[in-house]
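Residue numbers (the numbering used here), protein chains in the order written: chain G, 1151 to 1367; chain L, 3 to 109.
Keep in mind that the hints are not guaranteed to be accurate.
As the list claims (entries may be wrong) - Residues on chain L that point at chain G, a partial pick, calculated with CB under 10 Å:
| no. | residue |
| --- | --- |
| 1 | Tyr85 |
| 2 | Ala102 |
| 3 | Gln106 |
Claimed, not checked - DSSO-like, lysine-lysine: derived pairs with alpha carbons at most 30 Å apart:
| no. | chain 1 | residue 1 | chain 2 | residue 2 |
| --- | --- | --- | --- | --- |
| 4 | L | Lys59 | L | Lys88 |
| 5 | G | Lys1235 | L | Lys78 |
| 6 | L | Lys26 | L | Lys59 |
| 7 | G | Lys1344 | L | Lys26 |
| 8 | L | Lys41 | G | Lys1344 |
| 9 | G | Lys1344 | G | Lys1202 |
| 10 | L | Lys41 | G | Lys1358 |
| 11 | L | Lys59 | G | Lys1344 |
| 12 | L | Lys41 | G | Lys1202 |
| 13 | G | Lys1202 | L | Lys78 |
| 14 | G | Lys1235 | L | Lys26 |
| 15 | L | Lys78 | L | Lys88 |
| 16 | G | Lys1344 | L | Lys88 |
| 17 | L | Lys41 | L | Lys59 |
| 18 | L | Lys26 | L | Lys41 |
Hints listed in this document are in silico derivations from the structure and should not be mistaken for laboratory results. Owing to the predicted nature of the structure, the values given are computational and were not obtained by experimental measurement. Think of the CB as a built atom: it goes at the ideal place given N, C-alpha and C, for glycine as much as any other residue.
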Amino acid sequence: MNLFNFALACFVLAGATSLAQAKPIAFSHGTTVMAEYGAGTMVEAQLFYAPKYFYSVGGGYLALESDIDHRRREITYARANYLVKRWNMEAAQANVFVWGGAGQAYVSESNDHTFAWNAGAQVDYETRRIYSSLKTDFHRSSQFEHRVDTLQLGVAPYEHDFDTLATWFVVQARNYTGGLHDGTEWALLLRLFKRGAWVEAGLTDDGKLQAMAMVNF
Amino acid sequence: MKKMTILLFALLSATARADTIEMKVNGLVCGFCAQGIDKTLRRNPATADVLVSLEHKLVAVSTREGQDISDAELTKALTDSGYDVKSITRTRRSLEAIRAEIGQAPR
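Let's have the full structure, built from the sequences with the hints guiding it.
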């Protein structure tokens, strides 16, 4: 069972799934800047502006490097994100996002630049004490095809409020297709956020750094 | 009779120009995500101060003297931030009094 199937099974078992990762849309007229370092296998930076609360536009840079044979892709893309559905419950929120975009990719094996497109989806469910998210991000060109699936499950030791620091302990499982990483990569993360600033960091099961920072304004 | 009319008018005016508007909001679980509410409401020139409480599922706005924000404007502001308004209540309580009541530090 690969990670994606495992994650889907978890979703069904839980009765709900959540993707409480960096949401690609902040709020109407809000800007989101995000940077992630993924244990040496991926580095990503994104900037999105949301004209409305249900869609945002922007772009990003994604570098993927195989820790098996050191093949490398550097993808620069423009992307649109769309909030398909949001459930605002009394003490919980759940979302479904999709996105798609296109850009240019550098491929190390051919030392060539090629057109690349991407598509993805994210679902999340969170309360003030539990958090879960599932995300799949697909990138394809004439020379490569990669999908990055990420499952996150988090728990907060206390319920934060609007003006207080939020603390979360998060378990992350990530699977790369296309020969970037062998097997599922696990990570334990500490996530902190307050107002519009968010940082998280931790270690993978290989002892590598996994970190992300994000600001909304 | 004239005094009664003036008293009634004053009472109605006070009710119509409430200082604080309290809104019960669904989906308030994340401070990072809810900051859009604060920013959107503060952009309104009639807004004096904003309170957001995740614990009480409450958003409260105090208005500048003699100014008001309509229910439609408030609902749009919350919707544009990605949330659902369940109720809107106008009160004479100050925002600081609400903060003290729910145990939120004064700003």
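Results for each hint:
| no. | hint | in the structure |
| --- | --- | --- |
| 1 | Tyr85 | holds, 6 Å |
| 2 | Ala102 | violated, 14 Å |
| 3 | Gln106 | holds, 7 Å |
| 4 | Lys59(L) <-> Lys88(L) | holds, 10 Å |
| 5 | Lys1235(G) <-> Lys78(L) | holds, 18 Å |
| 6 | Lys26(L) <-> Lys59(L) | holds, 6 Å |
| 7 | Lys1344(G) <-> Lys26(L) | holds, 22 Å |
| 8 | Lys41(L) <-> Lys1344(G) | holds, 15 Å |
| 9 | Lys1344(G) <-> Lys1202(G) | holds, 23 Å |
| 10 | Lys41(L) <-> Lys1358(G) | violated, 37 Å |
| 11 | Lys59(L) <-> Lys1344(G) | holds, 18 Å |
| 12 | Lys41(L) <-> Lys1202(G) | holds, 14 Å |
| 13 | Lys1202(G) <-> Lys78(L) | holds, 12 Å |
| 14 | Lys1235(G) <-> Lys26(L) | holds, 21 Å |
| 15 | Lys78(L) <-> Lys88(L) | holds, 13 Å |
| 16 | Lys1344(G) <-> Lys88(L) | holds, 25 Å |
| 17 | Lys41(L) <-> Lys59(L) | holds, 17 Å |
| 18 | Lys26(L) <-> Lys41(L) | holds, 18 Å |
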